[in-house]
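There are 2 protein chains.
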Amino acid sequence: MRDFSTGHEWLSINTATVRKSRGAELPLPDIIEACVRRGIRAISPWRDQVQAAGLAKISQLVRTHDLKLSGYCRGGMFTATDAAGLKAALDDNRRAVDEAVELRAPCLVLVVGSLPGALQGKAAHKDIGLARSQVRDGIEQLLEHSRQAGMPLAIEPLHPMTAADRACVNTLEHALDLCDVLDPSRTGALGVAVDVYHTWWDPKLQQQIERAGQDRLLAFHVCDWLTPTTDLLNDRGMMGDGVIDIPRIRNWVEAQGFAGFSEVEIFSTGNWWGKPHEEVLDTCIARHKTAV
Amino acid sequence: MRDFSTGHEWLSINTATVRKSRGAELPLPDIIEACVRRGIRAISPWRDQVQAAGLAKISQLVRTHDLKLSGYCRGGMFTATDAAGLKAALDDNRRAVDEAVELRAPCLVLVVGSLPGALQGKAAHKDIGLARSQVRDGIEQLLEHSRQAGMPLAIEPLHPMTAADRACVNTLEHALDLCDVLDPSRTGALGVAVDVYHTWWDPKLQQQIERAGQDRLLAFHVCDWLTPTTDLLNDRGMMGDGVIDIPRIRNWVEAQGFAGFSEVEIFSTGNWWGKPHEEVLDTCIARHKTAV
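Same order as they appear, the protein sequences are chains A and B.
Under the numbering used here, read the first sequence as residues 2 to 293, first letter to last.
Under the numbering used here, read the second sequence as residues 2 to 293, first letter to last.
Hints were generated in silico from the structure; no laboratory data involved.
Computed from a predicted structure; not experimentally measured.
Treat the hints with caution; some may be incorrect.
[Unchecked claim] Listed next, the stretches of chain B that the computed footprint assigns to chain A, with coverage defined by at least 3 CB atoms under 8 Å from CB atoms of chain A:
1. 118-131
2. 199-206
[Said to hold, decoys possible] Straight-line Cα separation of at most 27 Å, DSSO-like style, residue types lysine-lysine; simulated pairs:
3. A/Lys69 with A/Lys21
4. A/Lys58 with A/Lys290
5. A/Lys21 with A/Lys58
6. A/Lys290 with A/Lys276
7. B/Lys123 with A/Lys123
8. B/Lys58 with B/Lys69
9. A/Lys21 with A/Lys205
10. B/Lys205 with A/Lys205
11. B/Lys123 with A/Lys205
12. B/Lys276 with B/Lys290
13. B/Lys276 with A/Lys123
14. A/Lys276 with B/Lys276
15. A/Lys205 with A/Lys69
16. B/Lys69 with A/Lys290
17. A/Lys69 with A/Lys276
18. B/Lys69 with A/Lys123
19. B/Lys69 with B/Lys205
Where is the CB? At the ideal position from N, CA and C, for every residue including glycine.
Take the sequences, apply the hints, and build the full model.
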């Protein structure tokens with residue numbers, strides 16, 4: 002396993018982690034500047050942040066600073082109640098692929114979606130099997146475009162507590178089953194993003210990381226699980242503040258040959274989003290050395 | 002599948018569902034009386050409620066009214082930081098078995114525990130593998146007593162969002178792996194409790210229910226998953242108010258020969274615990290007919 006204790010060359014900042022500073026929205030160019038100033042070599046930006054600043058501008062900043070991406074957040078949300086909705090989702094995903102190409106991302110991260118309308122509080126139906134079928138079909142159709150664009154897709158299994166509204170793929174095993182079906186010859190076009198927050202609880206995690214292997218391990222995300230956790234979405238902890246044995250999981254991933262960035266992705270309404278982003282980034286650097 | 006639409010003879014009330022009425026604690030004898038008055042034939046009481054009223058009194062009430070139990074809540078919490086703690090947990094579980102016998106419960110439900118101290122906000126360690134090992138050993142030791150007492154143990158896999166503090170067994174597959182190890186010959190001494198709230202998201206649920214089979218399906222619990230869910234413990238929904246396709250899951254369970262009660266278990270600080278218990282019970286009866 003790589004030694005992270007002496008530097009942060011393998012740290013990436015998912016820009017949602019500092020999307021707010023002192024509670025106020027922080028524009029992506031400011032986030033990039035703050036990262037560059039600290040010698041952070043990589044980011045994973047969100048589409049809404051890129052759009053707010055303009056793709057051309059962000060693309061230029063990335064090139065100017067020779068920033069790497071550890072991923073692009075995010076595609077997915079494939080499910081819908083009718084054909085028009087499915088087509089709109091697919092079209093939007095194709096645009097996400099093109100943006101990822103422009104930003105030289107190594108992969109487009111997919112949060113696949115689940116019951117239509119559930120995120121707005123009113124699910125259109127209760128058939129998670131149908132949602133899973135739409136997700137499978139959506140990824141299959143998107144692959145036609147993403148293969149041509151040379152952009153790998155990374156299915157991110159999300160914690161089962163998001164199964165109703167955000168992602169109906171909730172285990173690494175399920176994500177890898179999809180990879181087996183949709184890219185059986187392991188071309189590199191399809192893989193997974195392993196986030197310790199979503200997967201740490203899984204008794205089959207080590208086994209499934211080994212099943213994934215280097216060619217399907219496209220991204221590695223870190224944060225921590227707090228006790229208590231007070232919100233299902235926005236109460237993620239800083240590495241070291243929770244119960245996840247992050248080095249153990251990183252060891253499993255790196256044993257497969259993964260040699261990419263450890264991407265810090267923290268949503269935290271009650272704590273980190275209320276602090277100055279400088280403090281958050283400095284803490285990420287420190288904890289990357291001691292707790293990842 | 003049994004037709005529940007015309008009556009509620011297979012409804013059981015987990016007494017936590019009405020542990021508060023209008024926000025105030027409701028004693029177990031009052032809960033029993035309210036159930037009996039409505040022709041509810043079965044309950045699943047919690048140990049703290051039984052202790053508050055006295056085991057002898059509850060035992061007498063159960064016999065007087067010819068009430069069935071659908072389970073006894075609960076044993077488990079097997080993990081600890083030292084041998085004394087492990088022994089204390091085992092001793093307490095043996096007492097729970099004896100109480101379950103006195104109340105003629107069909108099984109003692111096990112919420113197995115996880116990282117010691119996490120429930121109090123400060124985990125003693127991060128080794129969920131160690132917790133799982135202690136749980137395995139704890140059930141094995143408890144089985145010596147429960148077999149003699151003739152009391153089946155029902156491992157209840159809890160939702161993965163409880164993996165840090167309440168249960169390190171989070172899938173039906175994992176629970177059944179434990180059954181295979183600890184009771185390979187399927188004597189009936191060990192099985193599972195399937196709660197739709199904890200398991201509905203699992204893409205392997207149907208497959209694992211079939212694997213369990215009739216002899217290991219000891220209890221079936223219902224409530225609903227709300228969108229949004231605002232609390233990880235106490236925001237469960239009434240059947241029909243959420244996204245779980247409960248009849249589909251009940252159909253899978255009954256296809257294996259399960260013919261017991263559907264036990265309603267709702268923890269709801271913000272909604273149902275604030276209402277009059279009469280309204281809650283009447284709603285349970287109505288929804289048992291339409292949404293279970």
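Hints and how they fare:
1. Counting residues of the stretch 118-131 of chain B whose beta carbon lies closer than 8 Å to any beta carbon of chain A gives 8, which meets the minimum of three for the stated coverage.
2. Residues of the stretch 199-206 of chain B lying with their CB closer than 8 Å to a CB of chain A number 4, which satisfies the three-residue condition for coverage.
3. Note on A/Lys69 and A/Lys21: the hinted pairing holds, with a Cα-Cα distance of about 22 Å set against a maximum of 27 Å.
4. Between A/Lys58 and A/Lys290 the alpha-carbon distance is near 32 Å, which puts this suggested pair outside the 27 Å criterion.
5. Restraint check for A/Lys21 and A/Lys58: the C-alpha separation of about 20 Å stays at or below 27 Å, so the hint holds.
6. Restraint check for A/Lys290 and A/Lys276: the C-alpha separation of about 21 Å stays at or below 27 Å, so the hint holds.
7. Of the pairs offered as hints, the one joining B/Lys123 and A/Lys123 is violated, with about 36 Å between alpha carbons and a cut-off of 27 Å exceeded.
8. Pair hint B/Lys58 plus B/Lys69 holds up; C-alpha atoms about 15 Å apart against a cutoff of 27 Å.
9. For the hint pairing A/Lys21 with A/Lys205, the CA-to-CA distance comes to about 35 Å; that exceeds 27 Å, so the pair is violated.
10. Under the criterion of a C-alpha separation no larger than 27 Å, the hint pairing B/Lys205 with A/Lys205 is consistent with the structure, at around 13 Å.
11. For the hint pairing B/Lys123 with A/Lys205, the CA-to-CA distance comes to about 25 Å; that is within 27 Å, so the pair holds.
12. Taking the CA atoms of B/Lys276 and B/Lys290, the gap is near 21 Å; set against the 27 Å cutoff, the hint holds.
13. Under the criterion of a C-alpha separation no larger than 27 Å, the hint pairing B/Lys276 with A/Lys123 is consistent with the structure, at around 23 Å.
14. As the CA atoms of A/Lys276 and B/Lys276 are separated by approximately 39 Å, the hinted pair breaks the 27 Å bound.
15. At most 27 Å may separate the alpha-carbon atoms for a hinted pair to count; A/Lys205 and A/Lys69 exceed this at roughly 31 Å.
16. For the hint pairing B/Lys69 with A/Lys290, the CA-to-CA distance comes to about 57 Å; that exceeds 27 Å, so the pair is violated.
17. Of the supplied pair hints, the one linking A/Lys69 and A/Lys276 holds, its CA atoms being roughly 26 Å apart against a limit of 27 Å.
18. A distance of roughly 37 Å separates the Cα atoms of B/Lys69 and A/Lys123; the hinted pair therefore is violated under the 27 Å criterion.
19. Taking the CA atoms of B/Lys69 and B/Lys205, the gap is about 31 Å. The hint is violated against a cut of 27 Å.
Going down the numbered hints, you'll see the structure goes against 4, 7, 9, 14, 15, 16, 18, 19, while the others check out.
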